[in-house]
Every structure is written in structure tokens, then in C-alpha cells.
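Residue numbers (the numbering used here), protein chains in the order written: chain A, 2 to 173; chain B, 1243 to 1402.
The hints are simulated quantities; they were obtained by calculation from the structure and are not laboratory data.
You may find that some hints are simply not true.
Said to hold, decoys possible - Per label pair, the in silico range of CB-to-CB distance:
hint	chain 1	residue 1	chain 2	residue 2	range
1	B	SER1276	A	ASP55	43 to 51 angstroms
2	B	GLY1347	A	ARG141	43 to 51 angstroms
3	B	ASP1297	A	ARG83	37 to 45 angstroms
Backbone N, C-alpha and C define an ideal beta-carbon position, used for all residues, glycine too.
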Amino acid sequence: MKKSIIYLFLFLLVLGINILLTNRLACEDVAHPGPTLQVTAIIEPCINITLSTDAIVFNCKGAPGVYNADQPVVVTVGSNCRSWTVKCSATPLEGDGGTIPAERIFMKNPHTPNIDKGAGGGFESMSGEKVLLTGSATDRKETTSEFRLKTTWEDKAGMYSGKINYTYLSTP
Amino acid sequence: MVFLVSIFISFSIFLGNSSFVYAAAEPFISIILSPDSISFHADTSPGSFDSQPVDVTVCSDYKDWSIHCEVISPLTLSGRTNRIPLERLFINSPYTDPGVDKGAGLGYESMDQPRLVAKGSFTGPVAIKASSLKFRLLTKWEDKPGTYVGQVRFTYLTNP
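If we strip away everything but chain A, and leave its shape as in the complex, we get (with noise of 0.2 angstroms):
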């Protein structure tokens, strides 16, 4: 009888311990660390340049003078870069009667002094390469650039084309 007094109090013992343990066990949730994933992100250097349009008119119906362009071309520029400079030239105008040089282009932004060169002030030639904006990181920034062609006589009828490049030099 005292025996069995003991091992039940054994059985009863270690079934109380198991019961602590298994419930302990089963309500364990923390968290354990597992496998780490390595992550790369390769950002470029990177520059956006839009235009408001991707041509321009000159409507010569006149005598030779100096005649504006259709609309003004409105210039944005988005870069990571740390500093950019955006610049534009011109090509001679082509046609069938001949080419009209780009100096008789002209450009005015913002920027420019309102100085006369011979198509109105603040309109410069657009001999050679010309800066049009400059900046650093920035989502937008824009200028808005308006065109004037001068004429002569020596122009003759018809029809002349031509581009206006847009280039940029940056820093990242």
C-alpha cells in the first residue's frame, strides 16, 4: 500500500512536470532568426531631357527680316547627377535654293542678356554651342527658349530644314 502511495505520487509528480513543459513548449512563439538575402542596388547616372515640341516653324511670308519662330520650346531636365549642363546647337538650314547658315538662327532664355545682336534684344546667334541650363540632383528644372531666323535676299524660295541638338555634360 505504501508503495503504491509513492509511485503514484512519482507518476503524479512527473505528469505535473510534463504538463508544465508540454504547455510551456506549445506556447512558445518568439521568433527565430533565419537566412539573410543580400540586396544590390546599382543606380546609374542618369539625365532626362524633354522638349515641349520636336519641331519648329519659321513662316518667312514676307520681306527678308526677322521673323519668330511658331512656339517657344520649353526645355526639362531631370537628373541624379550631382552637377549637369545642358547645351543646344544648331545645324544650317537646308533646302533646295540653298542653306541658311545657323548664326542666322537665334536663341533667347531667361538667362541671356538683353543685349541686340541684330534680332532683337536678349536674342542671341546660334553660331556655336550655346549653355542653356545648368544645375544639380533635381527632379525639374526648366527654361522655356524662343527662336528667330533672320532672311536676306539672297534666301531663296522654298522650303529649308534643319535641327537643333541638345547635349549634356554631367558629373555623377
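Following the hints, complete the assembly by docking chain B onto the known chain A.
Using the frame of chain A, we list chain B on its own:
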């Protein structure tokens, strides 16, 4: 399991058997990421860029388990302090809301907090593909060019 073994031992003692054997088998879980590294290549204007998908393979004898992932090291420009904020790294998993769009496309949720990526139960000895994850990075003009490095840690919760 432990409980049953103990009952058996207790009854053995009670019935007069003097041998006392106790075996404790710890539950086990194995989590494998394939690949274990990903990269984003932002080579155009800012926007969203995808990395390689990541498969999560699990082998476990836990009754129930779940796996979460979280950013433990934000994307930081090498050698500098410039960072891409956590909220611009996104994840798509079977457990993200397919209808949500936080700016990186439908089904992509920001990793600004831990995300559930997989859950399951006892797998037996054979590993199973528990989840396939897609990551997306949203870049902005303000992110300086260069190589950014960070870490995403996976953690698991279990119920034996």
C-alpha cells in the same frame, strides 16, 4: 511528444519496470533562399525596378510554422550615408494583398515593416517550395548614382 514519452515512463515506473529511458527530439526547420542575394539595376530614369525572384524552400517537422522577412539593414550607398528609405523597397508574395497599390504596382507592399512570406505545417523529410517572392525598388531623382547595399532577414515562428 514529450508529454506522451513522460506518460509512458511514468506508467513504467508505476508498474515496477526499473529501466528509465528519456529521449528528447528537438523539432527542426530548414529555410533555403534561392538565390540568396538579389540586385536591382536602375539604368534609366527613376521608376520601379525588379530584382530576380526569390524562392523560399522549407523542410520542417514543426506542426505549424510561418516565415516573415524584414529589412535589417537599409540600402546604403557604399562608403557614404545616403540611404534609400525602407518604404521604397517592395515585396510581392502569396500573402500580400493582390489589390493593394502603394506606388510600385498591384500586389506590392512596402517593406517598412515585417511581412509574412510563407506558412505551412509538417513537411516530412522532403523540402517544399513554400513561396516565391518578387522584390521591387522605387527610385527617385534624389537617389545619388552608385551602389547601395542592404540586408533582408528572414525569421520564423513555430508551434511544435
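Going down the list of hints, with the structure as the test:
1. B:SER1276 / A:ASP55: 43 to 51 angstroms: This hint holds: roughly 47 angstroms between Cβ atoms.
2. B:GLY1347 / A:ARG141: 43 to 51 angstroms: The hinted range 43 to 51 angstroms is violated for B:GLY1347 and A:ARG141, with Cβ atoms some 23 angstroms apart.
3. B:ASP1297 / A:ARG83: 37 to 45 angstroms: The hint (37 to 45 angstroms, Cβ to Cβ) holds, given that B:ASP1297 and A:ARG83 are roughly 39 angstroms apart.
When held up to the earlier numbered hints, the structure conflicts with hint 2 and nothing else.
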